[in-house]
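So the chains spell out like this:
2 protein chains.
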Amino acid sequence: MTRYRVDIRVLPRPALLDPQGKAVQHALAALGFAGVDDVRVGKALSLAVEARDTAAAEREAHAMCERLLANPVTEDFVISVVGEM
Amino acid sequence: MTRYRVDIRVLPRPALLDPQGKAVQHALAALGFAGVDDVRVGKALSLAVEARDTAAAEREAHAMCERLLANPVTEDFVISVVGEM
Chain A
11 MTRYRVDIRV LPRPALLDPQ GKAVQHALAA LGFAGVDDVR VGKALSLAVE ARDTAAAERE
71 AHAMCERLLA NPVTEDFVIS VVGEM
Chain B
11 MTRYRVDIRV LPRPALLDPQ GKAVQHALAA LGFAGVDDVR VGKALSLAVE ARDTAAAERE
71 AHAMCERLLA NPVTEDFVIS VVGEM
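Protein sequences appear in the order of chains A and B.
Taking our numbering, the leading residue of the first sequence gets 11, the next gets one more, and so forth.
Taking our numbering, the leading residue of the second sequence gets 11, the next gets one more, and so forth.
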C-alpha cells in the first residue's frame with residue numbers, strides 16, 4: 011500500500027446561486043479588483059489516502075465525496091491524485 | 011483583454027492545527043474509510059478574471075489572495091490559471 015496525496019475541490023453547481031461567491035465578488039470590487047466576475051466559493055480538501063495504486067486512491071476519494079464531502083444535489087467535485095508521499 | 015478562468019486553493023498551513031480537517035477525518039473513519047489521514051480543509055475559489063495575459067491574471071489573483079482571500083498568517087494559497095473563457 012502506498013500513501014497518496016489527494017486534492018479535492020468541491021464547488022456549488024454552476025446553475026445554482028452562490029451567495030458567498032457574490033459576497034467575495036463585491037468585496038473584491040470594493041478593493042479595486044474590477045475585472046472579476048463569476049466568483050464561486052467552495053471547499054478545498056487535501057488528504058493522505060492509503061491505496062494500492064493511483065486509480066484505487068481516486069476511486070476511494072470519489073466514494074468519500076459521494077458519501078460525505080460533497081452534496082450530490084448542489085455541488086460538483088474534482089479529484090486530483092497529486093503524488094505519492 | 012481576455013477573460014481567464016482562475017482556480018484558487020486556500021488551505022491552513024501545515025504547521026497549524028486544523029480542527030475541521032480532524033472532524034472530517036473522524037467522520038470518514040466512522041464511515042469505514044480507514045486509510046485516510048492528514049486531512050486539511052480550506053477554501054476553493056473559482057473566478058473569471060479579465061487580464062492582458064496569463065501572467066497578468068495570475069498576478070491579479072495573487073494580489074486578491076494577499077488582500078482578501080487568504081489569511082497571510084495562517085493560510086497558504088495556490089493559484090492556477092486554467093484557461094481562457
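Quick caveat, the hints were computed from the structure, so don't treat them as lab data.
It cannot be assumed that every hint is accurate.
If chains are identical, the list can't say which one is meant, so a pair holds when it fits in one copy or spans any two.
[As the list claims (entries may be wrong)] For lysine to any residue, the following SDA-like pairs were computed, each having C-alpha atoms within a straight-line distance of at most 25 Å: (1) 32 / 45; (2) 53 / 11; (3) 53 / 30; (4) 32 / 48; (5) 32 / 44; (6) 32 / 77; (7) 53 / 27; (8) 53 / 92; (9) 53 / 29; (10) 32 / 43; (11) 32 / 42.
Results for each hint:
no. : hint    : result
1   : 32 / 45 : within (14 Å within a copy, 37 Å between copies)
2   : 53 / 11 : neither (28 Å within a copy, 30 Å between copies)
3   : 53 / 30 : both (12 Å within a copy, 11 Å between copies)
4   : 32 / 48 : within (8 Å within a copy, 31 Å between copies)
5   : 32 / 44 : within (13 Å within a copy, 37 Å between copies)
6   : 32 / 77 : between (28 Å within a copy, 17 Å between copies)
7   : 53 / 27 : both (16 Å within a copy, 17 Å between copies)
8   : 53 / 92 : both (17 Å within a copy, 18 Å between copies)
9   : 53 / 29 : both (14 Å within a copy, 15 Å between copies)
10  : 32 / 43 : within (14 Å within a copy, 35 Å between copies)
11  : 32 / 42 : within (15 Å within a copy, 37 Å between copies)
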